[in-house]
Amino acid sequence: MEKSRYRKHVISVLVENQPGALARIIELFSSRGYNIESLNVGHTEDPTISRITMVAKGDEHTIEQIVKQLRRIIDVFKVRDLTDKKKLDRELLIVRVNVESAEKKEEVKRLVDIFGAQIVDVSHDTYTVELTGDEEQIDAFLELIKPLGIREMARTGRVAMVRALQGDTFGGERV
Amino acid sequence: MKLSGAEILLRALELEGVDRIFGYPGGAVLDIYDRLPFCSIKHYLTRHEQGAAHAADGYARVTGKVGVCFATSGPGATNLVTGLATAQIDSVPIVAFTGNVPTFMIGNDAFQEVNTVGITRPITKHNFLVKDVKDLADTVKKAFHIARTGRPGVVLVDLPKDVTRELEDFFEEEYKAPIQIRSYKPVLKGHPGQIKRAAKAIASAERPVLYIGGGVVSSGASELVVKMAEVANIPMVATLMGLSAVPGNHPFFFGMLGMHGTYAANMAVTECDLLIAIGARFDDRVTGKLSEFAPNAKVIHIDIDSAEIGKNKAVDIPIVGDAKLVMEELLPEVEKQVAKNRELYAHRESWIRQVKRWAERYPLWYEPSDRVIKPQFVIQKIWEVTKGEAIITTDVGQHQMWVAQYYKFRFPRQLVTSGGLGTMGFGVPAAIGAKVGRPDKTVFCVSGDGSFQMNMQEIVTAVQYGIAIKVAIINNGFLGMVRQWQGIFYDRNYSQSSLDVQPDFVRLVEAMGGVGLRAERPQDVEKVLKEAMAINDRPVVIDFVVDREEDVLPMVPPGGAIKDMILPDYGRKVEKKAV
Ligand SMILES: Cc1ncc(C[n+]2csc(CCOP(=O)(O)OP(=O)(O)O)c2C)c(N)n1
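One line per chain: the protein sequences are X and F, in this order.
So the first sequence is numbered by UniProt numbering: it starts at 1 and just counts up by one.
So the second sequence is numbered by UniProt numbering: it starts at 1 and just counts up by one.
Hint data in this document are derived by calculation from the structure and do not stem from the laboratory.
Just so you know, not all the hints are guaranteed correct.
To be verified - Pairs of lysine-lysine, DSSO-like flavour, derived with a Cα cap of 30 Å:
#: 1; chain 1: X; residue 1: LYS85; chain 2: F; residue 2: LYS185
#: 2; chain 1: F; residue 1: LYS336; chain 2: F; residue 2: LYS189
#: 3; chain 1: F; residue 1: LYS563; chain 2: F; residue 2: LYS227
#: 4; chain 1: F; residue 1: LYS298; chain 2: X; residue 2: LYS68
#: 5; chain 1: F; residue 1: LYS176; chain 2: X; residue 2: LYS78
#: 6; chain 1: F; residue 1: LYS142; chain 2: X; residue 2: LYS86
#: 7; chain 1: F; residue 1: LYS200; chain 2: F; residue 2: LYS340
#: 8; chain 1: X; residue 1: LYS68; chain 2: F; residue 2: LYS65
#: 9; chain 1: F; residue 1: LYS42; chain 2: F; residue 2: LYS2
#: 10; chain 1: X; residue 1: LYS78; chain 2: F; residue 2: LYS131
#: 11; chain 1: F; residue 1: LYS441; chain 2: F; residue 2: LYS530
#: 12; chain 1: X; residue 1: LYS68; chain 2: F; residue 2: LYS196
#: 13; chain 1: X; residue 1: LYS78; chain 2: F; residue 2: LYS42
#: 14; chain 1: X; residue 1: LYS85; chain 2: F; residue 2: LYS313
#: 15; chain 1: F; residue 1: LYS2; chain 2: F; residue 2: LYS196
#: 16; chain 1: F; residue 1: LYS185; chain 2: F; residue 2: LYS131
#: 17; chain 1: F; residue 1: LYS313; chain 2: X; residue 2: LYS57
#: 18; chain 1: F; residue 1: LYS42; chain 2: F; residue 2: LYS176
#: 19; chain 1: X; residue 1: LYS78; chain 2: F; residue 2: LYS311
#: 20; chain 1: F; residue 1: LYS441; chain 2: F; residue 2: LYS65
#: 21; chain 1: F; residue 1: LYS289; chain 2: X; residue 2: LYS68
#: 22; chain 1: F; residue 1: LYS2; chain 2: F; residue 2: LYS142
#: 23; chain 1: X; residue 1: LYS68; chain 2: F; residue 2: LYS185
#: 24; chain 1: F; residue 1: LYS298; chain 2: F; residue 2: LYS340
#: 25; chain 1: X; residue 1: LYS57; chain 2: F; residue 2: LYS527
#: 26; chain 1: F; residue 1: LYS185; chain 2: X; residue 2: LYS57
#: 27; chain 1: X; residue 1: LYS78; chain 2: F; residue 2: LYS313
#: 28; chain 1: X; residue 1: LYS87; chain 2: F; residue 2: LYS185
#: 29; chain 1: X; residue 1: LYS78; chain 2: F; residue 2: LYS196
#: 30; chain 1: F; residue 1: LYS408; chain 2: F; residue 2: LYS65
#: 31; chain 1: X; residue 1: LYS8; chain 2: F; residue 2: LYS311
#: 32; chain 1: X; residue 1: LYS8; chain 2: F; residue 2: LYS313
#: 33; chain 1: X; residue 1: LYS86; chain 2: X; residue 2: LYS68
#: 34; chain 1: F; residue 1: LYS227; chain 2: F; residue 2: LYS298
Let the hints inform the model, and build the full structure from the sequences given.
Laid out in structure tokens, this is it:
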């Protein structure tokens with residue numbers, strides 16, 4: 001196999017909403033030594049079908065293998081590598097930062113404004129902020145907020161969907 | 001009418017056409033066993049659940065039907081694991097049923113509970129835990145459908161005890177209706193454009209080779225493949241799993257390729273300009289060093305499993321589909337191309353001649369002896385005595401490779417061997433399953449002294465049901481293949497590979513109720529084989545005491561290029577090549 005560059009791929013999977021299905025997908029990764037950066041599951045407009053969005057890093061050959069192996073799983077309807085598609089691509093971040101001083105409070109409020117985030121919880125010395133955006137936005141926000149002192153954070157990993165009118169959505173042809 | 005879960009299961013099996021199952025009872029499956037005498041299915045009680053899985057596997061491999069096995073929860077289920085993994089990696093359709101603790105106790109570490117679906121997930125095509133008797137019939141139907149369609153494989157259905165007890169309606173007509181699994185739609189027909197491209201490539205190649213895998217056997221594509229070789233003048237080579245797909249004595253067939261392949265097969269692949277892989281998966285035992293496997297060839301790969309295509313080797317023309325259906329489209333295209341290009345035959349002839357020269361110059365060869373039995377000689381004699389028409393099962397080791405090299409198979413599904421997993425202990429129970437599936441055939445298990453001891457208790461199963469299998473133990477007093485590697489790669493340090501303490505196989509088999517025979521000199525070999533052939537009501541085991549340190553050659557050292565084989569000495573009294 002020719003050597004190709006490593007990059008992050010966003011893979012979208014539609015799967016039967018059953019416990020064994022997710023287990024099989026995770027096992028596929030662990031048993032073959034593929035690395036998942038993030039994995040996200042939730043059901044779609046049809047509650048019997050879940051959408052999994054995963055981000056995995058690898059060369060083209062590895063990613064192609066991942067996609068083919070996913071397609072082999074009986075409960076999987078559809079697998080798409082969305083990396084080079086026009087897509088909507090979002091992640092949710094919740095982060096609790098130190099704001100012991102008035103300046104720090106101001107600084108956080110300023111950043112929250114600029115990024116279109118929200119302060120969703122407050123204590124005497126912390127603000128908890130929620131931000132939705134693409135990965136770069138979230139990385140940039142974290143970069144700026146880090147010097148204030150992050151107490152705790154959680155990010156969901158990406159969820160993604162192909163944009164409408166790209167002729168490449170999952171719609172209609174899934175069953 | 002309301003039936004119990006157990007009754008629904010058995011009725012569904014009958015409707016699937018199942019008439020033979022292999023299994024072992026226990027508390028969790030007792031409701032099923034309780035109903036078994038009242039249905040039309042014959043159950044064979046093996047002596048170990050591993051034996052049940054291998055027997056179902058052997059049955060499936062020779063008949064092309066789905067094999068079925070039963071086991072109880074906990075240790076019963078875990079004992080199936082090796083057998084299921086063996087079948088799955090070789091794409092054999094099996095449906096396994098395991099009992100489990102009642103649904104309300106699942107996850108409680110109850111007596112004899114294991115997470116069977118969790119344990120078997122990586123070694124099955126799919127598996128199910130039935131939590132409600134309402135889902136039972138539908139699940140059984142899905143299980144058979146998944147096992148036998150697409151790339152065949154193993155499906156396990158885990159049945160909590162309460163599910164087999166509870167009552168539910170069962171409607172036969174409903175069961176017989178065609179099934180739809182919305183997320184499972186195997187691609188069977190090849191892409192027409194790709195088929196055209198393949199035909200063109202086949203027509204224009206100068207040195208093509210057909211590389212035949214187990215998929216040719218399981219899809220029933222054998223005749224079409226042979227026809228293509230003949231129409232377009234193409235030499236054929238096969239993997240271990242692909243043996244028996246085409247007649248072993250066909251003038252265009254040059255034997256097995258790979259680690260213990262023939263010189264001609266390995267050179268043909270190395271020198272070819274077009275490799276046509278059909279139902280083969282480029283296993284490392286076949287390819288050796290990948291960069292030197294068919295290094296200058298364009299590759300056509302026909303496989304029902306798209307995940308196999310391009311997995312190990314880059315492919316120029318991929319065709320996803322069932323080998324038989326694809327060949328049905330491809331062959332006429334090739335015929336058209338050949339008709340257009342009459343010179344095709346002519347310019348390929350020198351290629352075939354070249355491969356034939358390799359075969360003549362470096363044939364399979366061993367040094368004969370009239371003092372000690374040579375293992376290859378035993379295989380040749382079995383071939384003679386059975387007229388090449390026996391179904392052969394094997395265990396794993398040197399004897400398996402000698403079977404692959406020296407038994408010339410004549411028809412598909414004639415070789416039953418653990419290719420992908422290499423499971424010692426497979427041969428005897430697989431032979432039982434094979435004989436149950438094909439009672440009209442002589443079934444010979446060729447085993448090693450090591451392998452035989454892994455599941456020899458199944459001889460008792462064969463005795464109980466009057467299953468007249470024949471077992472040839474190639475007894476070299478060693479774990480022979482291990483010894484061979486230690487000899488070549490570990491400076492003859494035969495650590496833990498000699499079997500110094502052995503049972504007396506003849507007396508052992510007699511004690512189990514079978515017939516035991518022994519041959520210690522070359523002149524006895526044919527005589528005992530004929531004696532064995534005359535016994536038709538119970539198993540016969542022949543202990544062939546053979547040369548202790550014979551090696552399987554040719555051999556490609558692991559990781560080496562398949563053109564770099566260690567060859568036999570061809571009678572020249574030169575020092576064995578020191579490696
Ligand atoms: C269950 C299992 N354990 C270990 C091995 C590793 N192994 C491969 S070949 C072999 C030796 C087989 O010896 P024997 O059955 O006597 O056959 P021979 O090679 O002598 O013909 C062993 C131990 C295996 N294939 N399967």
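Against the structure, the hints come out as follows:
1. X/LYS85 x F/LYS185: Within the cut-off at roughly 25 Å; holds.
2. F/LYS336 x F/LYS189: At roughly 20 Å apart (the allowed maximum being 30 Å), F/LYS189 and F/LYS336 satisfy the hint.
3. F/LYS563 x F/LYS227: Roughly 28 Å separates the two Cα atoms, so the pair holds.
4. F/LYS298 x X/LYS68: Judged against 30 Å, a Cα distance of about 22 Å means the pair holds.
5. F/LYS176 x X/LYS78: holds, 28 Å
6. F/LYS142 x X/LYS86: Given that 30 Å is the threshold and the Cα spacing comes to 37 Å, the pair is violated.
7. F/LYS200 x F/LYS340: holds, 11 Å
8. X/LYS68 x F/LYS65: At roughly 27 Å apart (the allowed maximum being 30 Å), F/LYS65 and X/LYS68 satisfy the hint.
9. F/LYS42 x F/LYS2: holds, 24 Å
10. X/LYS78 x F/LYS131: Within the cut-off at roughly 27 Å; holds.
11. F/LYS441 x F/LYS530: Roughly 16 Å between the alpha carbons, so the hint for F/LYS441 and F/LYS530 holds.
12. X/LYS68 x F/LYS196: Holds, at roughly 24 Å.
13. X/LYS78 x F/LYS42: Measuring from Cα to Cα gives roughly 41 Å; hence the hint is violated.
14. X/LYS85 x F/LYS313: holds, 27 Å
15. F/LYS2 x F/LYS196: violated, 55 Å
16. F/LYS185 x F/LYS131: Measuring from Cα to Cα gives roughly 25 Å; hence the hint holds.
17. F/LYS313 x X/LYS57: Measuring from Cα to Cα gives roughly 21 Å; hence the hint holds.
18. F/LYS42 x F/LYS176: Holds, at roughly 22 Å.
19. X/LYS78 x F/LYS311: holds, 20 Å
20. F/LYS441 x F/LYS65: holds, 17 Å
21. F/LYS289 x X/LYS68: holds, 24 Å
22. F/LYS2 x F/LYS142: holds, 21 Å
23. X/LYS68 x F/LYS185: holds, 14 Å
24. F/LYS298 x F/LYS340: Status holds; Cα separation ~22 Å.
25. X/LYS57 x F/LYS527: violated, 64 Å
26. F/LYS185 x X/LYS57: Given that 30 Å is the threshold and the Cα spacing comes to 29 Å, the pair holds.
27. X/LYS78 x F/LYS313: holds, 25 Å
28. X/LYS87 x F/LYS185: holds, 27 Å
29. X/LYS78 x F/LYS196: holds, 28 Å
30. F/LYS408 x F/LYS65: Measuring from Cα to Cα gives roughly 25 Å; hence the hint holds.
31. X/LYS8 x F/LYS311: holds, 20 Å
32. X/LYS8 x F/LYS313: Measuring from Cα to Cα gives roughly 24 Å; hence the hint holds.
33. X/LYS86 x X/LYS68: Holds, because 22 Å separates the two Cα atoms, which is no more than 30 Å.
34. F/LYS227 x F/LYS298: holds, 22 Å
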